[in-house]
Amino acid sequence: MPTKSLLIYVGGRLLQAVPILFVIILINFALIHAAPGDPVDILIGGADATPEYIEGLRREFGLDQPLWQQFVTYISKIVQFDLGYSLRYREPVLSLILGRMPATLLLMGTALFFSSLIGILLGVFAARRPYSAGDYTATFVSLAGYSMPVFWLGQIMLVIFALHLAWFPTQGMYSLRAPSQGFGRILDVAHHLVLPAITYSFYHLALIYRLTRIKMQEVLALDFITTARAKGVAEGRVVYRHALRNAILPVVTVIGLNFGFMLAGSVLTETVFAWPGMGRLLYEAVGARDYPVLMGLFTVLSVMVICANVITDVVYALVDPRVVYR
Amino acid sequence: MTTITHIPAEPSWWRIFSRNRGSVVGAVVLVVLFALAIVAPMLLRFEAGRIDVGPSMAPPSLVHLMGTDELGRDVFARAAAGLSVSLMVGFGAATISTFLGVVIGGLAGFFGRSIDALLMRLTEIFQVIPRFFLAVLLVAFFGASIFNILIAIAVLSWPEIARLVRGEFLSLRSRQFVDAARVAGAARTSLIFGEILPNALGPVVVNATLMVGQAMLLEAGLSYLGLGDPTKASLGQMLQEAQQIMRSAWWTTAFPGMFIFLAVLSLNLVGDGLTDVLNPRARGR
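In order, the protein sequence lines correspond to chains A and B. Under our numbering, the residues of the first sequence are numbered 1 to 326, in order. Under our numbering, the residues of the second sequence are numbered 1001 to 1285, in order.
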């Protein structure tokens, strides 16, 4: 596969994302003006502001100018990565959000790794023994997995394993008394990570399991599998080398397309365990009605979702030789 | 004259539905929950929002089946009232978004061409935008009332149904029976409402059922972040309040959460059974 055509493909996909980005900026702008009250109150975001600060905001956003001019000002700020200023945190919104991003990515990455691994293995297991007791149990548990609010599961885990059994810390990412660097630090963070990661994994496990099972059942019924078996290929090789390779691609796609839901799950999980990521920031911003932070989070999270979609498409194109670049 | 006796009659929809045991259990649980939400306020010993009907944070007992919270309110009575709020938001939002989805998808699928291209582009954009966070924004900006929450969820949930309906319309509009009606001089409206729509309804009903559960979870998530209607406590809001006191009163989170879980689970189970009834191709899987 030539690198040049891949670059063109990626560029084209990124170009398709521009209208979506425009709509997101438009929504933010419309909200500032459509919400009840003076737009400047929204930009202050529920904090105490001096008259000079308010006057500065009015000038910065050109609030005395016609609406279309305000929109041009707003867009030009955003394309320069200026997402506003949080008076409450006394920090630019973007740097505030980026500071919280690593914690969220750590939680999501860990949970996604384990839930994919276990979900795919369980899915293969169930697809090989359809309608067995194990299949029914796994299917019911997965149905339960996406029928419960993820934060409720978190609360229950917290009550049982952190409060009553005291196996894990109840909240946060570090202990004050733990070493601040080196191996001790890693262990401390890992210890804090266990409960949120398990909670958050459960939902994805359910989704990935269900998909793998359906796809594996489809693929296992195809002719080339029968051929492979007739040739005398070992059963384990048939399942993992021949079938799973074909079944796993749609699973990857769905993970990419569900990225928005995953972020929502992460936000709620972080809130339960006071995990200091973007979700916790969202919770604090909702409580304080810190509108610049809320709008900034919406923008950054949307960009993350768009990126996830593009990456999914590119991975798909790289892995599946049938995809033709346009 | 030969009589055709060897074709078995199509089994009644209940027989198909009841083959799926999970769906029957789901339907029963759902009916019980509905009954609880409607009847509980009249039958229960304690008023839902009333404080000091019992001691503060009393564990479950025969008097207070699900215990009491920090203000001495009866958790069972509050959860039953919260359940009715959650069910109302779930069903209300799913109804509105299904309606929106059918209209948008139907227009796109029936008229095709530029209308289709435009509406589908819009649908795609709405599918990519992370809807939970947009709902958070909408409710935070316009105020946390049941009405705003319901509308925010409804306005963000229609794309799936729209795509589904569009697909059905596209494939149905060129079928022979539709052509026959068209040749016979049927008006556009009667083609849409009389011929195509009834045949596209099966998957729509299934999707709407699943959407009720999704909307309930979305509402619970919003309430949990502190965006619930302060005048009408939903189950999600009870879970938010429980966050502070669950260290010493586990029952304040366990029971309200159980209600959401049971409601959404039974809706998903019923949705499975309806798929069997309404989509003959999926039967027996």
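Any given hint might turn out to be false.
Interface residues of chain B toward chain A, partial, derived using beta-carbon atoms under 7 Å [unchecked claim]:
| id | residue |
| --- | --- |
| 1 | Leu1065 |
| 2 | Phe1099 |
| 3 | Lys1232 |
| 4 | Thr1253 |
| 5 | Asn1268 |
It is worth saying that the hints were derived from the structure and are not from the lab. What you are looking at is a predicted structure, and each value in this text was computed from that prediction instead of being measured. Note that CB positions come from ideal geometry on N, CA and C, so glycine has one too.
These are the hints, each one checked on the structure:
A distance limit of 7 Å between C-beta atoms decides the matter here; for Leu1065 (chain B) the minimum to chain A is near 19 Å, and the interface restraint is violated. Annotation: interface hint on Phe1099 (chain B) violated; nearest CB of chain A at approximately 23 Å, more than 7 Å. Annotation: Lys1232 (chain B) was flagged as interfacial toward chain A, and the flag is violated, the nearest CB pair being 18 Å apart, outside 7 Å. A hinted interface residue such as Thr1253 (chain B) counts as satisfied when its beta carbon comes closer than 7 Å to some beta carbon of chain A; here the least separation is about 5 Å, so the hint holds.
Hint status for Asn1268 (chain B) relative to chain A: holds, with the closest Cβ pair at about 5 Å, below 7 Å.
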